[in-house]
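Trainee: Chain by chain, the residues run as shown.
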Amino acid sequence: MRNQQATQLLFELSKPGRRAARYPMADVPDRPLTDLIPEAQLATALPPLPEVTEPDVIRHFVNLSTLNMSVDTHFYPLGSCTMKYNPKRHERLASLPGLVDLHPYQTPAASQGMLQFLYEMQQMLAEIAGLPGVSMQPAAGAQGELTALLVAAQYFRDRGEHRTKVIFPNSAHGTNPASAAIAGFECVQLNQSEGGYVSLPELQSQLNDQTAVFMITNPSTLGLFERRIQTIAKMVHDVGGLVYIDGANMNAILGITRPGDFGGDMMHYNVHKTFTGPHGAGGPGSGPIAVRDFLADYLPGPIVTKEQQPDGTVVYGLKTPSKTIGRMRTFFGNVGILLRGYCYLKTLGAEGVKAVSDNAVLNANYLLQKLKHVLPVPQGERCMHEFVASAQKLKTEKGISAMDIAKRLLDYGFHAPTVYFPLVVPEALMMEPTETESKETLDAFAAAIEQIITEDPERLHQAPFTGPASRPDDLKAGRNPVLKWVAKA
Amino acid sequence: MSYLFNTPEQQQEMLRVCGVDSIETLFSDQVPADLRLNRPLEMPPPLSELELEAELTALAHQNGGASTRTCFLGGGAYDHFIPAAVDTIATRSEFYTAYTPYQAEASQGTLQAFFEYQTLICQLTGMEVSNASLYEGGTSVTEAVSMALRSLNGRRRVVVLGSVHPEYREILVTHLQHLNCELVTIPTPAGVADVAQVKAALNDQTACLVVQQPNFFGCLESAAELMAAAKQAGALGIVSFDPLSLGLLQRPGDYGADIAVAEGQSLGTPLQYGGPYLGILTCREALMRKMPGRLIGETTDRLGKRCFVLNLQAREQHIKRDKATSNICTNQGLLALRATVYMSLLGPHGLREVSELACRKAHYAADQLAKVAGLELMFPQPFFKEFTVRCKGGVDRVLKQAAAAGFDVGPELSRFTWSDGDKLSEGLLIAVTEKRTRADIDRLVESLKMKT
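So the protein sequences, as listed, match chains R and U. When the letters of the first sequence are read in order and numbered with the working numbering, they come out as residues 1 to 489. When the letters of the second sequence are read in order and numbered with the working numbering, they come out as residues 1 to 452.
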């Protein structure tokens, strides 16, 4: 049962003199602090952090947690985010001593177990991608994109080619253009589509000797597999460009088809999505990239190596590729998330991995069929792991918007789909059920939507009614930003 | 095993609704036959939970973790104590199996926790605004520099002290090399910057000065003077600080930093071989709209009740696309939550105790190590919890003897690239946290004495 106290802020619970953590007395000889640190460098007062007890802290944050929807408590069909079940074994295994407490500067000799797992993970990611060079350095998908674009830039520079343009379809994630801009490229957006697919004439019209990279999410954010991807890749390659596959939607094609086999030169994974990270209330992620052999020398280091010694023993090590673009972040990468992904892949094996995509695609197609009568899906009868429905007709006829449906779903005990993305579908509701949901759940979800659209539109504009908040005033938040608590004078 | 629900009968029923006879048809309708992988993926065979745990345990046993050895390793990641309550909250699945709080009504727990994180970080640093976190400490420096370049349009010169973490500087080079800017690194042979030399390097083209406090060698820079020098040149002063030093040392907000960033790992996140960690980014209010990453704001709902939302999203990639302040799409939510709980548990007095213990023990360790033949402090400057030892005749002997006795020290400076490399090749970092005891330090000292 929810506790209304939860809405108090930590700072409102504070009372001078309360304590939680206490540390032992120093066991080294006592010296005046000014002997250790020059007086000018010493703080004159303590930071004004709140003063609370451990029970305060626990009750506060446990109560806060109950204000969230989560995969463990609710169906969470947030499109493009792959909100699948997060196996509990991963949490325990990632906390094993020797893994969770290993310092990043521990010597390779005293990290052989860690390096072995990382090496095997590299191999599995290369195999699933069909691309041999892997760097697990990127902290998230967006950093993976940027890394790959910097790899491309360095590759072209090495070849003495001056290529300045990155092309992407208008259904692309916002990170694609943002990463391209940060990598120093000019962005070219394709604005036409042929039934949700890339318009080949439009693409052709933009391709030239300035083209560096064509970025495409496949399957796309519309849940469509780009059937002509090989032709598209050939068109890009013919003008000397590279093809980047945004791997956000890999959950649809594991063991079915591989980016390297359909023309991709570079790609990123989202380990927190496809290989069930988990999502951690917005991160950490992990965004390894895989590239073709001729790009592997440009990857950021370190990369894990495996060598057989003359005596037959295997030694794992770290190396930085010879023409590296340089470091993208500190240390190796988001190892804790990679470890969970590794546990997942080791649990599933090849058959289990393919069964993920089989069932993700089945669940999405089933839900599409259950909903298309009430929420049309402009891109047609079939989808991969997700689909984008449109509430435009409902909006025109009854005044019910995608946002109304999303908010009211919360009252029915379902997290909302992604709404108003991709931008190319009006009143978009992007639904990705994932493979870890039952037919019963999908039926109940579809029934809830059918029910919602029969409700009074005026009332729907006010939904939700049961949660801890309803329709926050975003404009007010933006007009006069309050980004921290301040003590009342 | 793939955590699936639907029985073969249910699958058949679902396929009927889809109007196909097999899952295969769903794919063959969409993915051209010549693109299909017509073989199983080459992967190891599936393991049961029991087998997987045995395998991972065996791998873990091959590693020298900080709980089985005695860790004096530093260089940006530290073996600080993590109270149990941090894990209790971070393992609440309502937090860790949720995602970015796009639907505010379904995410008030996350949003309020991050609002509290932003507040705690402002209290800790004395800065005016904090975002809801970035990837880790190194990219936070790069994001701060990008902010400065955006804020001072036209200025393209970035000045960085050589005493900033070499990996942070390398990340900066990676990110800036394709953009039209000039990166100037000021050597710090004395272990800290010479303020006059820094002043001479700052000009009317300089967008920012980047300082680390305490710096990579452990030494304390004249942070206030350096920030003032930046201001005088019309540039922004950026500092990368150690969060747990602020129970003792002046805060970035106190000495005039414009942007203050940090590696937040020491605030309750385990070492886990380098990540995921926590990037802290704070600034003055005037720079708020130039910030990268998520920002949580307070507002009221339809019924006038206080609540929290993702705020100022017009800066971000999903709205602004190629004009966004950054390409970042997540924060490090779970690590920000860990830091929030950690700072709540410590409070001002716990923070003071951790800072003071680390500082006192580090000074004891430095004094004792300096007495060992063949070792000396490389720099005479004041330090906080980490210092650089010169190992005459090379670091290898020291590393080997320490390791054999169960101690891990370092990193050795020769691991990194330096412009004044030779002088530093005998340098070795030693970090001392509140977890190390006098007995640990005495035994480390004993193990490093020359074997005769």
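None of these hints come from the bench; they were simulated from the model. Careful: at least some of the hints might be erroneous.
Computed, partial: chain U to chain R, Cβ under 8 Å [to be verified]: (1) 40; (2) 52; (3) 195; (4) 197; (5) 199; (6) 200; (7) 271; (8) 274; (9) 311; (10) 329; (11) 341; (12) 349.
The beta carbon of each residue, even a glycine, is placed where N, CA and C say it ideally should be.
Trainee: Hint by hint, which ones does this structure get wrong, listed from lowest number up?
Mentor: Violated hints: 3, 4, 5 and 6; rest satisfied.
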